[in-house]
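Colleague: Here are the chains, one letter per residue:
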Amino acid sequence: MPYIPHTDDDVNTLLETIGAANIEALFDEIPAALRVKAGSLEPIAAGMSEMEITRLLSERAALDKRGVCFIGAGAYEHHIPAAVWEVASRGEFLTAYTPYQAEASQGTLQLLYEYQTMMANLMGMEVSNASLYDGASALAEAVLMAVRSQRHNASRHVLCAGTLHPYYRETVQSIVNAQGIQLIEIPFCKKAGTITSDCLKSIGCDEFAAILIPQPNFFGAIEDVDFLTRFAHAKGALVIALVNPIAMALLKEPGQWGDTGADIACGSGQPLGIPLASGGPYYGFLCCKQALVRQLPGRLIGRTTDKDGKTGYALTLQAREQHIRRSKATSNICTNQGLAVTASAIHMSILGFDGLRNVALASHEHNQLLIKTLTAIPGVKRVFETPTFHEVVLHFDKPIKTALNALSQAGVQGGFPLGNTHAEYENCLLICTTEMQTAGDIQHYADVISSL
Amino acid sequence: MPYIPHTDDDVNTLLETIGAANIEALFDEIPAALRVKAGSLEPIAAGMSEMEITRLLSERAALDKRGVCFIGAGAYEHHIPAAVWEVASRGEFLTAYTPYQAEASQGTLQLLYEYQTMMANLMGMEVSNASLYDGASALAEAVLMAVRSQRHNASRHVLCAGTLHPYYRETVQSIVNAQGIQLIEIPFCKKAGTITSDCLKSIGCDEFAAILIPQPNFFGAIEDVDFLTRFAHAKGALVIALVNPIAMALLKEPGQWGDTGADIACGSGQPLGIPLASGGPYYGFLCCKQALVRQLPGRLIGRTTDKDGKTGYALTLQAREQHIRRSKATSNICTNQGLAVTASAIHMSILGFDGLRNVALASHEHNQLLIKTLTAIPGVKRVFETPTFHEVVLHFDKPIKTALNALSQAGVQGGFPLGNTHAEYENCLLICTTEMQTAGDIQHYADVISSL
Amino acid sequence: MNIFEKSTPHRRALMQAPRASLKTALPAALLRQTPAQLPEVSELQAVRHYTQLSQRNFSIDTHFYPLGSCTMKYNPRGVHKIAMLPDFLRRHPLAPLHESQGILQCLYELQEILKTVTGMSGVSLAPMAGAQGEFAGVAMIRAYHQARGDFARDEFLVPDAAHGTNPASAVMCGYKVREIPTKADGDLDLNALDAALSSKTAGIMLTNPSTLGVFEKQIALIAKKVHEAGGLLYYDGANLNAILGKVRPGDMGFDVMHLNLHKTFATPHGGGGPGSGPVACNDRLKPYLPVPIVDEKDGDYYLLDKSHLPHSMGRLSAFLGNTAILLRAYIYSRILGREGMIRAAEFATLNANYLMHRLQKAGFELAYPKRRASHEFIITLKTWPKQYGVSAMDVAKRLLDYGCHAPTTYFPLLVPECLLIEPTETESKEALDQFVEAMIAIQKEAKTSPDIILNAPHTQPVRRLDDVKAARQLDLVWRKAKPAEIHTEKV
Amino acid sequence: MNIFEKSTPHRRALMQAPRASLKTALPAALLRQTPAQLPEVSELQAVRHYTQLSQRNFSIDTHFYPLGSCTMKYNPRGVHKIAMLPDFLRRHPLAPLHESQGILQCLYELQEILKTVTGMSGVSLAPMAGAQGEFAGVAMIRAYHQARGDFARDEFLVPDAAHGTNPASAVMCGYKVREIPTKADGDLDLNALDAALSSKTAGIMLTNPSTLGVFEKQIALIAKKVHEAGGLLYYDGANLNAILGKVRPGDMGFDVMHLNLHKTFATPHGGGGPGSGPVACNDRLKPYLPVPIVDEKDGDYYLLDKSHLPHSMGRLSAFLGNTAILLRAYIYSRILGREGMIRAAEFATLNANYLMHRLQKAGFELAYPKRRASHEFIITLKTWPKQYGVSAMDVAKRLLDYGCHAPTTYFPLLVPECLLIEPTETESKEALDQFVEAMIAIQKEAKTSPDIILNAPHTQPVRRLDDVKAARQLDLVWRKAKPAEIHTEKV
Ligand SMILES: Cc1ncc(COP(=O)(O)O)c(C=O)c1O
Ligand SMILES: Cc1ncc(COP(=O)(O)O)c(C=O)c1O
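Those sequence lines, one after another, are chains A, B, C and D. Note that this note's numbering has the first sequence beginning at 22, numbered continuously upward. Note that this note's numbering has the second sequence beginning at 22, numbered continuously upward. Note that this note's numbering has the third sequence beginning at 48, numbered continuously upward. Note that this note's numbering has the fourth sequence beginning at 48, numbered continuously upward.
Simulated from the structure, these hints should not be mistaken for laboratory data. Keep in mind that a hint or two might mislead.
[Unchecked claim] Taking beta-carbon pairs under 10 Å as the criterion, some of the chain C residues facing chain A (in silico):
#1 P174
#2 R381
#3 L397
#4 I499
#5 V524
Just so we're clear, the structure is a prediction, and the values are computed from it rather than from any experiment. Beta carbons are placed, not taken as given, at the ideal position from N, Cα and C, and that holds for glycine.
Looking at chain A on its own, in the form it has when it is part of the complex (with noise of 0.2 Å):
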């Protein structure tokens, strides 16, 4: 039987030590009206061998095979060093649960020890925790830890640049409605792609708890950080830095905002490490200042010592968590995302900083030079005037359907069609680039569009 040990005899072993007539017999507690019926099963197919279902998903895989990939939206492609994986599959990690049993879990624990000190050290905060489910819903916790610990701010209001991902925009929306929280949108400006001080005046709106500030942007465009930091830090609200952690290796560090830095700095760590693969898993992590850390939701791994003053690893400030403190917990998330932090720890192990700002320079070196050349096209323009980090907003005089399905005909995905969450943005295609592709694919990339 698919991966189940017992022999006839086995179960007549075990059958008769029970003293049970038959396996059937162990099913005696369920109300036989309750039980299901016959044939009620018959819609899901019978099972597949290995070899069989190898074959068959092998050639939906190659279904979805494409070329260069130039979309970016949130999610990343980067070349991922082959050891990064190789080691994360490794049985030991892939198959043990959470470290609960702390002293047949060292692995694991130092291995998440060790990531919270390289993703606080990269975001310049004081404290990380051990990741959440992912960018978006970690940006959602983000706002939740922020209105909780504002004790002399009662406001329930958390601003909100417009320059937010859109879907990370619903996703702490559907989180956070359900305990009264309300996002406050700050429009941005049509030029610049990004919140202005003018942006600020409009918002209508000067008590509330936090700020939210995405870098860079959803339109690729690099916000002032210390600016917003400042006017937010004056209104006694809390700064949650939403940013990309490659562009933290060539952008200024959340820890380093304004004059006392960010509080909360979060963000999806798929750039690091993480393969695309549809969507997920990801992860989100979450740092903030020492003084928010009992606010912290999600695990976190501390360093003690053991009986014989030997170093160790051991889950920490349970007290926080939905298993010990039930209904009072600050969060309810349990299983979180240790695969995908476990590739990232050995991912920035692997690159060091200099690896990610080397990659964090060539994607935006290959952004400079997309923009120069796809400009150079007539027809094809800049939207917004901000300097952009390794994404960009560009307009084309034809129907982005035809650029697209052209691009695609030649291999390339060519971005994200902006009018699907920006309906103003009909014909602009949101355009990225990594250290993944060349010289060269940026000029078949224009090629394609100077032919159409």
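Following the hints, position chains B, C and D with the ligands against chain A.
Modeller: Chains B, C and D with the ligands in isolation, oriented as in the chain A frame:
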């Protein structure tokens, strides 16, 4: 530097400790006249990043993409459970050396001991070594071993079935010739496609050290191994069985051939969990009767005990090997195919004998179906009449090239053109089936041929 | 030593990084000024460090892992390998639909399979773990009540045996939680339920079989009562492995539920996730399912979002949840097929009942001795602290020395000194017997040499860790300045 | 316990096997009558067993492994992963050429790279390890002499320091072996060479740097002498890592050689292979290279066999050697590029000389104290047995306790109580320093508490094994009937 950890500081410290001015000084014992001339290495390209080489090689791999494979002729595509290489590729197996330090190599050593047991049992033989390079070179070693161990038979002639794989024959010849050993070919029966009793009459060589019997033979046909074994044993010759290990889950195993069994059994271990991979690495297995064990080339792992009486494993009978016995060794082999055997041991453990038997039966069933389906097409007929295991020779009334090209267009690799090795069978294909094809694939093959 | 202690300034592994010109035209004010302290090691050092670390873990691939409520069954390598096919890994979540049909078909078919095994009519794959599934389900119930204009219902009922995520999820949805006690036989106290139900009741969250390892026999009655009070029933699917193909939440009267694919559908737990917690519901709640959902028309697959489903409780992640985990669950479910799913429940139950009987015979006290075990069961060592000075936690640690991962300890909270034991269907009789032998040996040790238990573990990379120190002297991030630690790792 | 002891009769893992009808029309006389005793375990049991076994190995991925003559450098995971791409794995060795251009181009380019680094004009990738390369090379020399009608040459010269494969390979080619002694400074004894050279000399096999870890400075003179005597020179390329891009065998006067790709080109050693041992040669020997060889015409790649190269020494395997290992070497060489290859030699040499100096300073005796180390060097503990009662083997075992794999012991045979130490270029200064510290600690132990060394190892899965028993009570195949073994694996 790729894979080299030295920082500038490290280099300086190391050179200081050595007392050398620079790295170049460390090469000062090499006579200047011999040193590489400037530019000698220019033809080699500059280095590439892992990202770049991954893209380049993925493109090359895709060039060789293909559909359903009906080629066999010594290398067979079977399903390999994913667990096999996932476990075999673990760093501790993959990056260990030959287990010279037994106490720090118990993993590899125990596994090899288990492999020896599995292979000996599958062959019905008393002992097995821990691998040779491949099936063909294993056969050559078997010949050398047979001649060497014939104390009462000074003949340096070895009878060789004419139904042997021609590349195996070439390999054996390259290796045994220098030692004055001569292969005498037994012509095969053109009707049966095997060695019949009539064939033996025409040899004209009555003194021979050994006979070499392939099962199934190159044409996929099943030899009368009992008869051939008795014939050889009656002449005081040893019997070398060259077998497909998967076939041994269905056909009579070497240990049972004739009255006392074959003396040596060898072959390619590839069908037991080793991917096709363009021809290697595979491995050769070599089993023999206990009496011959001191003539067995290659590593042997023995079970023993440690100081505390606990079971452990170690290389044994090393006095047969080149690193101890040097010019008097049984063979020059040193590095062999450890990792392939590692995979095979895991493969056999997961499948068990029943699994292998199912694979053998399915392969054989498909062979029967293929024969039935294809020979129903006018112009396609069987060439030999002896029953086959999972390969068969079919004759086409069209040029083989045309057929193969049409099949290739339809995503089918149709088989091995027998004319490549046997000029007299020009319009014949040696076609292989395993459990990997479906009835639909076979029908598809037939449809392409019918439509020619 | 941690990876930072193994670092050397300026060490690089540059073949991994692109050769960038290291220049940018961006204004300095926007730029990072000091490098982040990340590890500076060679690739070999990183591989060696993390390979060695991995060996310091128990895992299913190395040890029997009877962790109750967690369904630590074999995670087939074939499933993992297929999901890691390069073409699957490289697909961007926002790739155009015509370049996404392969994955979307898998997800669509998974939705259909989950509907069938749960007896529900709608499924969303969006939630990224059980807890998020709970949140989504409770939020759907909330949306349902509000859509009907019923804003008075602000209470959610949760049994005292429930997993901590249940009350926490209800609170995250803005509800007050009322705990319902359990009777001595492990079933819910119906009197207490009656007392709690009112026009304020939004719903109840239940696991069945419960986390006590028994099947709640009164479930039909409970459903009736809650429905009559105007509340809805949420099913916590963590224990679905026990009843796959035997009884379906939809048939039991539940309105909405989640599945833990990382339990029932064998996706690896990864040392703490990722999991996946799809929600399934009946017609009543379908309009409120989280988005996106995969739909199909004329053989073309596409995604439904808020524009198609305006009443949806919303989006739970930036994209479609833990997609590659969903893919694994799909592959696993196709390998098992319908018979395989039923078999999973049967053999998980068989193993649990066998283990329960053997332990009982060996003198261990069952928490619910009159009941069948479901896929798991509880023993209580409540007499041990007094009798031997040994706690359930001590026994858990000692089990590690015997090469078994400990069962779940101190959960559910209502059974004192409890061990919640779930062997799963993929463990052999030999593995179960070895566990029994270890337990018997520990029982003997408790009587004769309790110190060996109290000081356990003895064979792990570290001995008993100081949890109090971990919380009091909080050390979450490694800083160079810290006092040199004592190294005792060498012989 | 071994996998057979974990087996249970009739246990199956059928999702891996096709569903066959279990019937055949073949005559019973041809069929197997009794099943082979193979393991009967579940997939989980197999995975768990072999995962646990793997943890009982030292390896580069887990430990420093300074095994002299073996070049245990980092085996990049990227290389392995690319070579494991499904499209590479699935290609049949006899696939038509038009469906093989990808792999053939890689192999062709590898041939060209190997020609360049060796300074040779012909290459065949056929040999499957170093020893087979030696056999091929010597057979080529034999074919060369015979083609010239020179049948009198039946002797091959081999230095006493040579690896055991050298004399063994020469014998397999039908030659008598004459050993040439080494001088005290590590170079060859030229007087002895002169005395040995004659019209019976077919050739000489040399490693340079030799297995003594020193560069044979007289090589040009040796080449001259051997060539003048009508013999040819074979270069054993096991130590090529030491001189990559610094000096080339072709330029030193060698006629033919092999390369150990599993050493110099970092293909993983797999616990005993597979390796790959391509042969390279100069124009004189090109006609005799083993087949097949990859050739190119107008951008099309194809294979040369005996029909193209009638004088070839022949075929060495059924197909093209260890193709996927060749592919790995190709990928590695492309990542390194020309500068990277030179760097490999430089840093391997730097590390070896550093380690040599540090050990010397710590009081260890060098076998060749006046010489530079190449990529490896020898220390001799020849005074230790008398002084401390401790042998090189004891020290090797004790090193395991310190988390270092032992260097090569008792090879080369001419240096008593020797340790041949090769750190490779991919090890960090820290790893080298730790090794030195371990050696110093052991030196101290030798003086103060030699028993701890004599009884080493103490930290491995087993203690010192009884090799004599292994050979005397030969047990190569597990049989059920054997007396039950004592299990002491539990705490
Ligand atoms: C009974 C029960 N409910 C809910 C959960 C929460 O599931 P998850 O960890 O996937 O969020 C768990 C798992 O820990 C559980 O055991
Ligand atoms: C010097 C020397 N020559 C030859 C060989 C033989 O190489 P292989 O093991 O690849 O057959 C070795 C390797 O062990 C060696 O060290």
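Colleague: Could you run down the list of hints and mark each one as holding or not?
Modeller: Cross-check of the supplied hints:
no.: 1; hint: P174; in the structure: holds, 9 Å
no.: 2; hint: R381; in the structure: holds, 5 Å
no.: 3; hint: L397; in the structure: holds, 6 Å
no.: 4; hint: I499; in the structure: violated, 14 Å
no.: 5; hint: V524; in the structure: holds, 5 Å
Of the numbered hints stated above, the single one contradicted by the structure is hint 4.
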